[in-house]
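Note that full-length UniProt numbering has the first sequence beginning at 1, numbered continuously upward.
Treat the hints with care, since some could be wrong.
[Unchecked claim] Calculated cross-link-like contacts (lysine-lysine; reagent style DSS-like; alpha-carbon spacing at most 25 angstroms): (1) Lys132 / Lys248; (2) Lys132 / Lys24; (3) Lys52 / Lys24; (4) Lys283 / Lys294; (5) Lys24 / Lys136; (6) Lys30 / Lys163; (7) Lys52 / Lys30; (8) Lys248 / Lys294; (9) Lys163 / Lys136; (10) Lys136 / Lys30; (11) Lys132 / Lys163; (12) Lys163 / Lys52; (13) Lys248 / Lys283; (14) Lys163 / Lys24.
[Claimed, not checked] DEER-style ranges, computed between Cβ atoms: (15) Ala90 / Tyr48: 21 to 29 angstroms; (16) Asp130 / Glu216: 41 to 49 angstroms; (17) Arg93 / Phe300: 40 to 48 angstroms; (18) Arg204 / Ser60: 26 to 34 angstroms.
Honestly, the hints are just simulated from the structure, not real lab data.
Glycine is no exception: its CB is placed at the ideal position from the N, C-alpha and C atoms.
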Amino acid sequence: MRTDPSILHVDLDAFFAAVEQRDKPSLRGKAVVVGGIGLRGVVSTASYEARKYGVRSAMSTAEARSRCPHAAYLGPRFDVYREASQAVMAQMRALSPLVEPLSLDEAFVDLSASGLSGLTVEDVAAIANDLKAAIKEASGGLTASVGAGTSKLIAKIASDLDKPDGVVVVPAGTEAEFLAPMQVTVIPGVGPATAQRLSMAGVRTVADLQQLGQDELIRQVGTAHGSSLHRLAVAADDRPVVSDRETKSVSVEDTFETDILDRSLLTAIGDRMAHRVSERLQKAQLSGRTVTVKTRMHDFTTHTRSSTLAGPTDDPRVIARVARRLLDDSDVSGGIRLLGVGVSSLADWIQDDLFTESEAEEVPLELVDLPERPRERLAGYYPGQDVVHTSYGEGWVWGSGRGLVTVRFETASTPAGPVRTFAIDDPALSRLERTIPAEPEPDEPVVQEPALSALEESGAEAD
DNA sequence: TCTGGGGTCCTAGGACCC
DNA sequence: TCTGGGGTCCTAGGACCC
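With the hints as extra help, turn the sequences into a complete structure.
Rendered as structure tokens:
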């Protein structure tokens, strides 16, 4: 074990919402909720102003709206978050070469890898404060909370204790007593199911867990989980900070606004998902052997079907063909609320597979991305047809007998101001593009404009 | 007004092999 | 009359994380 608190856990405060407030001054100091804004959306991040009303991550957006109707509800802008994240991670890498990102808004930093040793609590607190200042400067004002300790576990828990914009350093040697009074759920990996089982064994705090024998713990929660939990409870955590972890799987999934029963439509959507997975594999120079199709039924039960090929592939036609077969084997009666396609058993090489090459058929696809009022817009272009789904700026039209049509919007800056390119991929029309003036960027998007009513209208239109 | 999307890791059973 | 026994691969599901 280390003798100084040289592992930092850095956690950006309300990250997605904070980026939106940074970019739109009118949202500063206001309730902002970022997440899915459709009928089945959930909250990704709520600003601290929105949290006062009980809005939380993973809550359905519908519930968030009822708790906090006046908040600004925004769809996520991942490209912008990625950019901000990179600027923040660069500041950490300037401090130490050993940085382990956990997500866009979180990372561990191992100070011992930069040659520092014998750090006191005061040393580490000063380093953490300097890092916070550097992050704020580099990111245009974002704040972070930092925890520090002799292990990942302690650093991670500490970063949560003084949010937002705080620093907590746990002195070496005090770890077990630091953890003892806390609820078991502070330990990462202890979710609702484990907490429930532990509770039935009379375990609620980490102190309770420290008392429980390892054998009993393993009986309750299984071998791997039990033994790792036993170690974490007594703060015996020697997991190293690891800077580059290999990707294990790549997947795409989508929850539909209304359940889909039509098998041929699901097949078309699955084909498109296979193509998106393939694009992402190719971009990352990866390929994989196992194709998985995921379906979620109307009652939320979830099923997976997978099939493993002889060799790895990144070919969209191969992935689509296997996915089709797996989907054909899936029960779709009663309706599907979610469909997903994924590839795992990844390799960084590709087998030339003549067999699959020759057998794969070209899959016709058409898709489109949309602006703020996608459904109305699409319905205008395709009167009388069924706009089946819109999400994250993409919309699908179905029922024309020409396959799945997709529409995509892109905003470009020109000297005359922003314009949007509206591109429809429609097999019957070949490709169709229009340029339209951009709608003004709504600076006060939500407060005046009850997005809920717009959604309800568009929902009615679709049905 | 239930319940996203992208992941990771683990378990358990059956097939198959030596 | 019982019924090897370990190892690997594959599939399906579940818990959990941000």
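Results of checking the hints against the structure:
no. : hint                                : verdict
1   : Lys132 / Lys248                     : violated, 32 angstroms
2   : Lys132 / Lys24                      : holds, 22 angstroms
3   : Lys52 / Lys24                       : holds, 21 angstroms
4   : Lys283 / Lys294                     : holds, 23 angstroms
5   : Lys24 / Lys136                      : holds, 17 angstroms
6   : Lys30 / Lys163                      : holds, 18 angstroms
7   : Lys52 / Lys30                       : holds, 11 angstroms
8   : Lys248 / Lys294                     : holds, 17 angstroms
9   : Lys163 / Lys136                     : holds, 15 angstroms
10  : Lys136 / Lys30                      : holds, 20 angstroms
11  : Lys132 / Lys163                     : holds, 13 angstroms
12  : Lys163 / Lys52                      : holds, 14 angstroms
13  : Lys248 / Lys283                     : holds, 15 angstroms
14  : Lys163 / Lys24                      : holds, 23 angstroms
15  : Ala90 / Tyr48: 21 to 29 angstroms   : holds, 26 angstroms
16  : Asp130 / Glu216: 41 to 49 angstroms : holds, 45 angstroms
17  : Arg93 / Phe300: 40 to 48 angstroms  : holds, 41 angstroms
18  : Arg204 / Ser60: 26 to 34 angstroms  : holds, 28 angstroms
In this structure, only the earlier hint numbered 1 is contradicted, and the remaining ones agree with it.
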